[in-house]
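K.L.:
So the protein sequences, as listed, match chains A and B. Residue numbering for the first sequence follows this note's numbering, starting at 1 and increasing by one per position. Residue numbering for the second sequence follows this note's numbering, starting at 1001 and increasing by one per position.
These are calculated hints, taken from the structure and not from any lab test. In this text the structure is predicted, and so the values were computed from the model without any measurement. Using N, Cα and C, we set each Cβ at its ideal position, and we do this for glycine too. Do not rely on the hints blindly, as some may be mistaken.
Listed next, the stretches of chain A that the computed footprint assigns to chain B, with coverage defined by at least 3 CB atoms under 8 Å from CB atoms of chain B [what the hints assert, rightly or not]:
| hint | region |
| --- | --- |
| 1 | 70-79 |
| 2 | 109-120 |
Restraint-style ranges between C-beta atoms, simulated for each label pair [claimed, not checked]:
| hint | chain 1 | residue 1 | chain 2 | residue 2 | range |
| --- | --- | --- | --- | --- | --- |
| 3 | A | Lys228 | B | Glu1012 | 50 to 58 Å |
| 4 | B | Glu1371 | A | His177 | 36 to 44 Å |
| 5 | B | Glu1371 | A | Ala220 | 36 to 44 Å |
| 6 | B | Glu1012 | A | Asp111 | 42 to 50 Å |
| 7 | B | Arg1245 | A | His177 | 48 to 56 Å |
| 8 | B | Pro1355 | A | Arg202 | 19 to 27 Å |
| 9 | B | Glu1371 | A | Asn161 | 37 to 45 Å |
| 10 | B | Tyr1111 | A | Pro145 | 51 to 59 Å |
| 11 | B | Pro1355 | A | Ala220 | 30 to 38 Å |
| 12 | A | Ser178 | B | Glu1371 | 46 to 54 Å |
| 13 | B | Gly1137 | A | Asn161 | 47 to 55 Å |
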Amino acid sequence: MITAGVDMGAQSVKVVILGDGKVLARSLVPTGFEPLEAAKTALDEAIKSAGVSRDDVKRVVATGAGRKSATFADSSLTEVTADAKGVNWLQPSVRTIVDIGAEEARGISCDAQGKVLDFAKNDKCAAGSGAFVESMARALEIKVPEMIELSLKSTKDAPINATCAVFAESEVVSLIHSKVEKADIAHAVHDAIASRVASMVRRIPVENDVALIGGVANNAAIVDVMKKHLEVDVVIPENPQFVSALGAALSAAA
Amino acid sequence: MSAIEKFEEILENRHQYAKDWKQRTGGKVTGWLCTYVPVELLYAAGMLPVRILGTHEVQDVTDRYLFPTVCPFSRDALAQGLKGRYDYLDGLTMSRTCSHVQGTFDNWRNYVPIPFSHYIWLPCHRESPRAVPCLRGELLDLKQAIEKFTGVTVSDEDLDKAIELYNTNRRLMRQVYEFRKSDDLPITGAEAMEMVVASQLMDVVEHNKLLEDLLAELPNRKLDREAGLRLMMIGSEMDDIVFVRMLEELGCTVVIDEHCTGSRYFWDDVIPEEDRLGAIARRYITRWPCPAVSSEFNDRGDRIMQHAKDWDTQGVLLYQQKFCDPHEFDIPSLAQNFKELDIPTLVLEFDVTIPFGQFRTRIEAFLEMAELEVF
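Start from the sequences, fold in the hints, and give me the full structure.
P.N.:
Below is the structure:
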């Protein structure tokens, strides 16, 4: 059976097409102001690249913050349950999932069958999310890839104490005025995010193996500091930003 | 109109209800800020005791009076006073329980004109043999202050009548809660909450009458949806009906609660004694405790676990008003107690307004997780 999972994220819509236990295609489209249109485009693109037709796709399950906007979906599932299903399928040894997206971070504890045992999510705050990295890159007048590269070269710890993205920006400005190296500020930003996310994830038991997923898992500098803060090694599945969509597609097939 | 529709109407028109009562009876209306204020004593003096509650609207009038770290409920309640929405009040009363709502009381009586106000020094060491006599003395002070303000002498007969009416009110609400033990639930959590909140706003005689009507309706009443997961709500002040309706729409029903706009307010009776004030004092010292006054005893935890079992709870929502330390302190041990029984818990922190989308996702994820366990 062919199914689709649509992850209606804050920044982008991700689609995974699944056919008989294999990922046939993936697509990613910026969410923009028309989430439903973005979702339809993403689904069409994925269907096209899978080389199947819309009628071949028997069930579509939506997930993510905007899951209710994907009105064409047969049903919906929260990203917490979808993450656990997706990760379990990719790497059944994982017991703790850390998902850092554009606007949200979450920690999920699951069992060997991918059943959610507990979870924690960030509150009304973007300081532990991808949007924060982008906003800090703007403050440093560099692009995100450059910021990652610089951060990995940092040699000194600089303090950013903020638990709020707005206040953190003013701390970054203070560091700039104090002539702290850009690399060290970049590192401090990543460190602050990792510290905040780790503190949230510790509300649930952190048990090996730990997987890091979501778009921010592609950021090597974050991965580096997350390992330090969680004091464990982390597994990064291939295409980490598509795990929620994969979980939704798996649920559609079940 | 059904009893539940009447409760809903009173909640929506609470100020008009109190103003009409005042005009109809010529009596005085006294606001109260904490469930440790003995409503039976106010009622015995011919007053209508009305609980001061917030409106869950964004406001910008309290920052001058309260620190930003004061709980949202206390800020919301003070905002109502500052905006003049309780301009019909003759009096305001408060019992020493928590410093946040004390800030509401102090600022209210300093900055909102009010003819009468009284503060009750509830003793904090409630295990002490001196606690009941101490509170009895405080209640005597309150009685004398009310008598001076109203010119009415409160007799033993007045006290007996008020105690009896409020005990009846408590018994009837407990009977409604008994119906929530059923597999075939006749009432939602939001509706039960409307009933309890209305009891804090209405004349007890009228509320008792509506409770009798409700108890007659319940045997033939059915929910218009599947009950879903049987949920317990535990926490501090909670009168956000809109939130509870949203929660229940997601596939669960609140079957039992433990908070001060719910069971904690009405669960315990006054056991009559020859010394009426002593009997009332004993009720408030030994009642189902708020964590703000809880000390050596762990009776709050024991009572909660017993109710969770008796109402066959399948999941628990632990919530608190932001910055409410006493409730927050209790959350880890309560969550652990439920974990040992394999009952999943979800923790939410409430502000004046809440992030509906985020809460919705958390609740749905929680229900997806809990339902795998139960169904």
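K.L.:
Using the C-beta atoms of Glu1371 of chain B and His177 of chain A, is the stated range 36 to 44 Å upheld?
P.N.:
violated (53 Å)
K.L.:
Lying within 46 to 54 Å: is that true of the beta-carbon distance Ser178 of chain A to Glu1371 of chain B?
P.N.:
holds (53 Å)
K.L.:
That 30 to 38 Å hint for Pro1355 of chain B and Ala220 of chain A (C-beta), does it hold up?
P.N.:
Given a distance of about 32 Å, which is inside 30 to 38 Å, the answer is holds.
K.L.:
That 50 to 58 Å hint for Lys228 of chain A and Glu1012 of chain B (C-beta), does it hold up?
P.N.:
holds (54 Å)
K.L.:
Does the Cβ distance between Pro1355 of chain B and Arg202 of chain A fall inside 19 to 27 Å?
P.N.:
Hint holds: Cβ distance 22 Å, inside 19 to 27 Å.
K.L.:
Take the C-beta atom of Gly1137 of chain B and the C-beta atom of Asn161 of chain A, compute their distance, and say whether it sits inside 47 to 55 Å.
P.N.:
With a Cβ separation near 49 Å, Gly1137 of chain B and Asn161 of chain A satisfy 47 to 55 Å, so the hint holds.
K.L.:
Could you see if the CB distance from Arg1245 of chain B to His177 of chain A stays within 48 to 56 Å?
P.N.:
holds (50 Å)
K.L.:
Return holds or violated for the Cβ distance of Glu1371 of chain B and Asn161 of chain A against the range 37 to 45 Å.
P.N.:
holds (41 Å)
K.L.:
Examine the region 109-120 of chain A for residues whose CB is less than 8 Å from any CB of chain B, and state whether their number is three or more.
P.N.:
holds (count 5)
K.L.:
Cβ-Cβ distance between Tyr1111 of chain B and Pro145 of chain A: within 51 to 59 Å?
P.N.:
holds (56 Å)
K.L.:
Do the beta carbons of Glu1012 of chain B and Asp111 of chain A sit within 42 to 50 Å of each other?
P.N.:
holds (46 Å)
K.L.:
Please verify the coverage claim for the region 70-79 of chain A: does it have three or more residues whose C-beta sits within 8 Å of some C-beta in chain B?
P.N.:
holds (count 3)
Hint 4 alone, counting from the list given before, is not met by this structure.
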